[in-house]
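Student: full-length UniProt numbering numbers the first residue of the sequence shown as 1 and each following residue consecutively.
There are no misleading hints in this set.
Using 30 Å as the maximum straight-line C-alpha spacing, the simulated DSS-like pairs for lysine-lysine come out as follows: (1) 124 to 2; (2) 77 to 51; (3) 53 to 2; (4) 207 to 124; (5) 2 to 77; (6) 2 to 179; (7) 53 to 124; (8) 2 to 83; (9) 83 to 98; (10) 242 to 91; (11) 104 to 242; (12) 142 to 2; (13) 104 to 83; (14) 207 to 158.
Quick list of simulated restraints, FRET-style, between CB atoms: (15) 99 to 54: 40 to 48 Å; (16) 225 to 78: 46 to 54 Å; (17) 257 to 120: 32 to 40 Å; (18) 236 to 78: 34 to 42 Å; (19) 233 to 44: 37 to 45 Å; (20) 83 to 157: 32 to 40 Å; (21) 223 to 34: 37 to 45 Å; (22) 44 to 171: 35 to 43 Å; (23) 171 to 237: 13 to 21 Å; (24) 182 to 78: 32 to 40 Å; (25) 34 to 98: 22 to 30 Å; (26) 236 to 12: 20 to 28 Å; (27) 9 to 52: 15 to 23 Å; (28) 92 to 244: 17 to 25 Å.
Just so you know, the hints here were simulated from the structure itself, not pulled from any lab data.
These figures come from a predicted structure and were not determined experimentally.
Virtual Cβ for every residue (Gly too), placed ideally from N, Cα, C.
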Amino acid sequence: MKVQPFFHVETGSLTYVVSDSGFALIVDPVLDYKDGNITHTHVDSVLDYIKRKGLDLRFVLETHIHADHLSASQYVKDITGAKSMISAKIKEVFSQWKAKLNLKNVANFDYFVDSDSRIPFGSKVIEVIETPGHTPACITYKIDGHIFVGDTLFAPDKGTSRADFPGGSSTTLFHSIQKLYQLPNDTTVYLCHDYPPLGASPTTHVKLDWQKRRNVMLNQQTSLNEYVFSRDRRDRSLLEPKLLNVAIPFNLTFRLPANS
Numbered sequence: 001m002k003v004q005p006f007f008h009v010e011t012g013s014l015t016y017v018v019s020d021s022g023f024a025l026i027v028d029p030v031l032d033y034k035d036g037n038i039t040h041t042h043v044d045s046v047l048d049y050i051k052r053k054g055l056d057l058r059f060v061l062e063t064h065i066h067a068d069h070l071s072a073s074q075y076v077k078d079i080t081g082a083k084s085m086i087s088a089k090i091k092e093v094f095s096q097w098k099a100k101l102n103l104k105n106v107a108n109f110d111y112f113v114d115s116d117s118r119i120p121f122g123s124k125v126i127e128v129i130e131t132p133g134h135t136p137a138c139i140t141y142k143i144d145g146h147i148f149v150g151d152t153l154f155a156p157d158k159g160t161s162r163a164d165f166p167g168g169s170s171t172t173l174f175h176s177i178q179k180l181y182q183l184p185n186d187t188t189v190y191l192c193h194d195y196p197p198l199g200a201s202p203t204t205h206v207k208l209d210w211q212k213r214r215n216v217m218l219n220q221q222t223s224l225n226e227y228v229f230s231r232d233r234r235d236r237s238l239l240e241p242k243l244l245n246v247a248i249p250f251n252l253t254f255r256l257p258a259n260s
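Required output: the full structure, derived from the provided sequences and hints.
Tutor: Quick look at the structure:
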């Protein structure tokens, strides 16, 4: 199995192409967006890679409803016929934002998955670990010793995701991360975001053991009370993502809001 990262500099987002036995899947593809206009340069480079490698793209996986970039899942699905996948709890997230953002209908994904889901992929199986806290619909995809954690964990020097969005909970996030910390220490953790200095390469993955020992917000010694106190205090100081009022409605419906 091979994992190829693609970094979207403008949003600090990481997309992954996972391939095995001639098949491929994409995790968290990103659209380019500026001043109300959507373009496809970044995601097209991902699709070009898959084409050059002669891979058969089967799935496009979303780890959660993103607040800081626009998902390219529907674009990939339309172009390639790949099946889209997201947490079954997207409907809960939709209900929390529906009135606030004047939303009509949730987007049509092919698979709404939960912790009981097992999806064959090449010689592997995609397992689903529900990891709510950042949002109720956050999930981690596990393929052998590789986990794709979305925003749940950042690089160890940056900590964890925020937990102050509707339906978010620092207590729930603590327990979700503890669930991940029960996996083998040599598990590879693939991150959804990084924000390196200009010209530097992003951190795309780390070993779980390194997270457990070095994560600045939640390591294996951190208590629930310590984490909740520090996470909630940190969240009170954060601004909302600059694309939130475009990204959330788009990623829930695959339609730009009228005022974008």
